[in-house]
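Please model the entire structure based on the sequences and the hints provided.
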Amino acid sequence: MGVDWQTFWPRIVEATGQTILMVAVTLVIGSIFGIIIGLLLFVTRKGNIMENAFLYQVINFLINIIRPIPFIIFLVAISPLTREVIGTTIGTWAAIFPMSIAAAFSIARVVENNFISIDPGVIEAAKAMGASPLQIIYTILIPEALGPLVLGLTFITISLIDFSAMAGTVGGGGLGHVAMTYGYQRFDTSVMIVTVVILIVLVQLAQWVGNTLSRKILRR
Amino acid sequence: MITFKDVSKTFTIGKREVHAVRNVNLTIEEGEIFGIIGFSGAGKSTLLRLVNVLENPTAGAVEVQGVDLASLRPTEVRKVRRRIGMIFQNFNLLTSRTVAGNVAYPLKLAKMPRAKIKERVEELLRFVGLSDKAKDYPEQLSGGQKQRVGIARALATSPDILICDEATSALDPDTTGEILRLLKKVNKEFGITILLITHEMHVIQSICDKVAVMEDGEVIESGGVFDTFTSPVHQTTKRFIRSVQQDLPSSSLLDEWRQKGGKQLYRIIFKGEVASDPILSRVTRKHDIDVNIVYGSVQEIQAKFYGNLLVSFDGDEGKTASAVKELDEIVQIEEVDVAWA
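Protein chains in written order, with UniProt numbering: chain A, 1 to 220; chain B, 1 to 341.
Just so you know, not all the hints are guaranteed correct.
Label pairs and their in silico Cβ distance ranges [what the hints assert, rightly or not]: (1) B:326 to A:121: 52 to 60 Å; (2) A:169 to B:118: 23 to 31 Å; (3) B:72 to A:121: 22 to 30 Å; (4) B:126 to A:24: 26 to 34 Å.
In short, the hints are calculated from the structure, not lab data.
Built from N, CA and C at the ideal position, the CB exists for glycine as well.
Now the structure itself:
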């Protein structure tokens, strides 16, 4: 007893739109906060341009407690906070909130790792040329780490597609929701196959965009 | 221009204290090329970084152009840094910028207008001979070219001082020569004072006016390059000099010399003017003995001759003694104990 594809297609299209929206908005919000947190983490490290042991430890600890929590548990655990901020725990925007928090902390770590891999000699050279800490951040750290950063964000984007599917199962909407309700609970294999294919296409697309961009930035 | 007044720098690594620089007193005069030589870990790199406040002294004072660097606030430190160019062993070019972008970078920091930057970058690239590479990225350049970009970038803000951190240590001998000539040109044409650190004696020999030898954080010997080369005091200094000037053959060659019944060896040292006179020939002819040059070299140091020869004399013992006595009045001559050597 399958779905009527004639009337079901619009639902698939809508769900795909929701997934893309969730991933895109999360990526933007998560990147903004993630880059800020990652940057703070890097510059407050021992021996760095704004060394601050206390701030470093606090941020490091926060990242380490949020990152290992399985997303589906995190999603449920912070739902009271989600209700406070968004007003509901159901729907696309209610999914974006926990996704953005989880993404921000993952991105922070990626950003920190990419900054660490910058040759310290280059930072020293900028200092020697009279660059201020702020100038070092936006003229050295970000441009020098941009190529690997784009690859890191691509990696995050793909896990966000995964997150969005999970958020779907608890009322977040999107392809995950469709796959769960029609594909899993109603045993409709065709729905399952279609949603999985769309998810694969989305992942491929994200990877392709990321690779192309980073290749352009890294010139290799 | 740069004065180190009883400067010490101690790092604390864990619970261990590392005395990188100890009680250094040095003065670098305007317009000179001053070289600091030492083996790795001698503290020269830390000493260099005190000049542009990349490190701060634990004790003592560093003065640049009469200003005590410790008295400056961060914004003033950044201004001072623009008067001091720096080049590095590993070049430290920005990989995300082109050659022109790298040279423009310090000018952008100094907020120079865009049109002026373009003009200045072209002028600098012409000076270092890389006009055709302006649009290339650092990874497309050879080591020597990268260092040229480093030099152009360091000169961009028209500094009074250029500090060089092992600037030629990552380069092959030919390229090293090229970069050293370029540094000499920088010093001559712009009157920029150069302070360099190196572990290679030939760098000191080829371009420096003055030299300081560092060991264990201390300056153990300093002075004019010619004087230091020709009459070194400290054992470490002698080791460095021996690295560019062979003054004794290997022990196996000496053994062979002794076994074949070789005569007493003498070391003769010529300095400066004396080198152009045919002294050896004149004196030996006068005393009717023959001279045999066994080993040695004649070099140019700071546009002066310096000869260090190992010779033996063939002839009557008495005549040899009087010849040695006469030579002793004109040049430095000493007996060399082959058995001991």
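field: Violations among the numbered hints, reported as their numbers in ascending order
entry: 2 and 4
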